Amino acid sequence: MILSSYLHALGRYLMLMGRVFSVPEKFVMYWRQYVKEMIKLGLDSIVIVLIVSFFIGAVICIQIKMNIESAWMPHWVSGYVTREIMLLEFSSSIMCLILSGKVGSNIATEIGTMRVTQQIDALEIMGVNSASYLILPKIAGMITMMPLLVILSTVSGILGAYAAAYIGHILTPAHLTEGLQYDFHPWFFWMGVVKSLFFAFIITSVPAYYGYRVEGGSVEVGKASTDAVVASSMIVLFSDIFLTRLLS
Amino acid sequence: MIQLVDVRKTFDDGKVVLKGISTVFESGKTNLIIGQSGSGKTVLMKCIVGLFEPTAGQILYHDRDFVSMGKHERMLLRREMGMIFQSAALFDSLSVLENVMFPLDMFSADSYKERRRRAQFCLDRVNLADAGEKFPGEISGGMQKRVAIARAIALNPKYLFCDEPNSGLDPKTSLVIDGLIHSITREFGTTTIINTHDMNSVMGIGEHIIYIYEGYKEWEGTKDEVMGSDNEKLNSFIFASDLFRKVKAANS
Chain A
1 MILSSYLHAL
11 GRYLMLMGRV
21 FSVPEKFVMY
31 WRQYVKEMIK
41 LGLDSIVIVL
51 IVSFFIGAVI
61 CIQIKMNIES
71 AWMPHWVSGY
81 VTREIMLLEF
91 SSSIMCLILS
101 GKVGSNIATE
111 IGTMRVTQQI
121 DALEIMGVNS
131 ASYLILPKIA
141 GMITMMPLLV
151 ILSTVSGILG
161 AYAAAYIGHI
171 LTPAHLTEGL
181 QYDFHPWFFW
191 MGVVKSLFFA
201 FIITSVPAYY
211 GYRVEGGSVE
221 VGKASTDAVV
231 ASSMIVLFSD
241 IFLTRLLS
Chain B
1 MIQLVDVRKT
11 FDDGKVVLKG
21 ISTVFESGKT
31 NLIIGQSGSG
41 KTVLMKCIVG
51 LFEPTAGQIL
61 YHDRDFVSMG
71 KHERMLLRRE
81 MGMIFQSAAL
91 FDSLSVLENV
101 MFPLDMFSAD
111 SYKERRRRAQ
121 FCLDRVNLAD
131 AGEKFPGEIS
141 GGMQKRVAIA
151 RAIALNPKYL
161 FCDEPNSGLD
171 PKTSLVIDGL
181 IHSITREFGT
191 TTIINTHDMN
201 SVMGIGEHII
211 YIYEGYKEWE
221 GTKDEVMGSD
231 NEKLNSFIFA
241 SDLFRKVKAA
251 NS
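Sequence lines, in order, name chains A and B.
The first sequence finishes on residue 248 if you use our numbering, and the numbering steps up by one all the way, no holes.
The second sequence finishes on residue 252 if you use our numbering, and the numbering steps up by one all the way, no holes.
Here chain B stands alone, though its shape is the one from the complex (with noise of 0.2 Å):
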């Protein structure tokens, strides 16, 4: 479980982007944060992760406050998160076992025999069984998310981040992410939380979402509670599109 607790972020020109966030991410439930572009949702990931400091406010990791947390302290708990960003980020120079092999090779005791046993198992969880001795620049974009997926698995994370898995990818290739990230959050019971604007992710795998609005948490609530929500702000980003709005009309 992660809770944020009033976190607010302004940055050194003065910018405010965060005017204070608090909600609960609880474990085993894909958690979705939606908003525009540029409402603020990305910094509200990053502060999650620690690539940004918060202003203000607690970040809870199961009562551990991130914030306040020393160096030593987050390098631990870091260990215990998974990422996968937006641009898969591969390491370019090893091949995609050896990526999935990383994070195991740094921190795992194991035996190297042990250790690729377990990239494998994670390379066949998200069905790339083969592509093992391939380089990053070698496969789609598509294949790198899903490795991204498996290197963020290697180490058994208990919280799982994964910054706009979707962007770039088709709808088919989307579907098969979002049902990987899903699937391995019910499997693992890893607190997952998704920053996406793909709404197909929102009405699919929205167990916990929260719409970000120019820096304020406007809206709260799952993917059916979405459906016959009455916040102007939320429904006119969710639906924007005609289809959205047919589908809304179907169902009301």
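So that you can see chain A by itself, here it is in the shape it has in the complex (with noise of 0.2 Å):
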């Protein structure tokens, strides 16, 4: 019962993703709702995604030195660690988890608005392909601004670890700077870029769906914006299990 549902959901986001990818109708009304999108999920994330990271930068650091670090480990361990930790696993799929509450819950939301208040319907009798016009221009716009972000969200985190340094002074700045360019690989950094432009898909698509179903009234939006926030999160996370031992 419970897969069965599962499969009809999966059939069903199937179904309005191939709406999604159809030809618009008029390029230019899509570039501007592009550029819109944009700005609204990508450009008002970056604040967030910046203090974030800065804080989480700096707490790995400050962690690995107190409760790692040892007489008989090698000075660079905080450094090395929190590059690592970075690069691979938060400013690529943290980062989109917690991007996933900010940006799902207002796709959701704001579709799922648009539902319940016959906007979508009016589109449609206007003869606009509704899906495609809203939700393809939020996820090429997501999927645009992600790897910026995730180049903020490192160098954030990277800053924020200079920050534990030179004003916590619970390691000197050179041991740090030594950890952070020890061993470098720089296919770690495009590996966050790779998986970030899949979660950028996730958290974008998957809300749309549940917005984009909405039937009743602003309970069941309220209840749309929750789903798809905890939906795009698991997603997001399982699929960060196949991303990471398929790039590694």
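Warning: the hint list may mix true and false statements.
As the list claims (entries may be wrong) - Derived lysine-lysine pairs resembling DSSO-like cross-links, with alpha carbons at most 27 Å apart:
1. 26(A) <-> 36(A)
2. 71(B) <-> 26(A)
3. 102(A) <-> 223(A)
4. 113(B) <-> 36(A)
5. 233(B) <-> 15(B)
6. 134(B) <-> 26(A)
7. 172(B) <-> 26(A)
8. 46(B) <-> 19(B)
9. 134(B) <-> 36(A)
10. 134(B) <-> 40(A)
11. 26(A) <-> 19(B)
12. 223(B) <-> 46(B)
Bear in mind the hints are in silico, worked out from the structure with no lab data behind them.
These figures come from a predicted structure and were not determined experimentally.
Please assemble the complex out of the two chains, which come individually in their own frames, going by the hints.
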């Protein structure tokens, strides 16, 4: 029974995506939406990404220094581990998990409200492919902006680690720099970017699906928003395992 | 002209809502669908515009069967439709002028200047010439309905659908909305279908009325024929209020 309902949901999601990825009625109108979504979903998320990443970078550095490093471990461990965690997991996966709350609830609520106030019906009656017009620019906008957010998150996390070094005096900046530069594989950076592109698709398309299917009123919109965040977070976590295995 | 041939609708849960409705809605006339809440008139309207799929029957737009059409043909036909929703359904994030320009931006090949001029003309037509820069949240319900009318007529539609256009409006504003829809129908020769249970609309602009009762077409006629009808179900619906009973008594 539960499996059947999941399969039904998957089928409906795939059918919706089929409608989303179709030829736009008028490219200029979609372009306009695409630019708006890049600003709304991407640029407007920069502040939260910078703040969260800064503090997490600082905390990782402090935790490693205080709890892992010992006399028989090299002094570059804190910097090295901070870099690897930021590059491999935090800036791509965990940051997307955080964004799924902000972006996901925004998308589900916006589209859900448009559904219950008949704005989507109005688009359909006009002959506009509402699924494509409303969802495609969001997916494309988020995928475009995600690499920038990943880079900013990594940089902010490393600045946080330096803040721990300079302000907290828990390790010397020279040791931190040595660790950050130790055994660097550029592919790890690209791996984070590739993973984040998949997650960008998930955290926009899944909430859009929940919002698009809302029936009822404000209570149902609220429920769809919550369900969307839970579902997209779970899917990000599951797909993180597969992507990590695939790309490592 | 829109022709309905034995249109039926049964939902997945087995509930039969439309039980075979046939009628013809002529161009240049205000056609009204009336009935009690839950009688099936909204479902009928949604079937006509394609928001619901009828279980059986034909919906012919100038002899083109909407039910059996492919997706692309439907999209094209929908560009000939305009609809005014009960809630106005204006796009919150766009200004009034941008709302009216939206269908033009999407489907018209005209220049920006021409599209803007056309949108302004439509706003003038509904007496909202100065409201273009406002947002839907900043204007009254009656004004929102008028913006919805302006948006609906922006592309010169052949078919105009109005789902309870007077719902939530005071009687005076309702008359303004009715008058606008009626004059636009005459002016542009559109096939207009209005879903209503506002008796003032029935008596004011009902050139062709169908009364839906429990999924059937119970009665069909004009506003003048309503007064003299001996259909009990229609009479109990139309003359439910004291005011209309007195009007009927005075007329007879």
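Against the structure, the hints come out as follows:
As the CA atoms of residue 26(A) and residue 36(A) are separated by approximately 16 Å, the hinted pair is consistent with the 27 Å bound. Restraint check: the Cα-Cα separation between residue 71(B) and residue 26(A) comes to about 17 Å, which is no more than 27 Å; the hinted pair holds. A C-alpha spacing of about 15 Å is found between residue 102(A) and residue 223(A), which places the hinted pair at or below 27 Å, so the restraint holds. At roughly 23 Å between alpha-carbon atoms, residue 113(B) and residue 36(A) fall within 27 Å of each other, so this suggested pair holds.
The hinted pair formed by residue 233(B) and residue 15(B) meets the criterion: a straight-line CA distance of about 22 Å does not exceed 27 Å. With a CA separation close to 26 Å, the supplied pair residue 134(B) and residue 26(A) stays within the 27 Å bound. Proposed proximity of residue 172(B) and residue 26(A) is contradicted: the alpha carbons are some 40 Å apart, above 27 Å. Between residue 46(B) and residue 19(B) the alpha-carbon distance is near 15 Å, which keeps this suggested pair within the 27 Å criterion.
Between the alpha carbons of residue 134(B) and residue 36(A) the distance comes to roughly 20 Å, so the proposed pair stays at or under 27 Å and holds. Proposed proximity of residue 134(B) and residue 40(A) is supported: the alpha carbons are some 22 Å apart, at most 27 Å. Between residue 26(A) and residue 19(B) the alpha-carbon distance is near 40 Å, which puts this suggested pair outside the 27 Å criterion. As the CA atoms of residue 223(B) and residue 46(B) are separated by approximately 24 Å, the hinted pair is consistent with the 27 Å bound.
Against the hints set out earlier in the document, violations occur for numbers 7 and 11.
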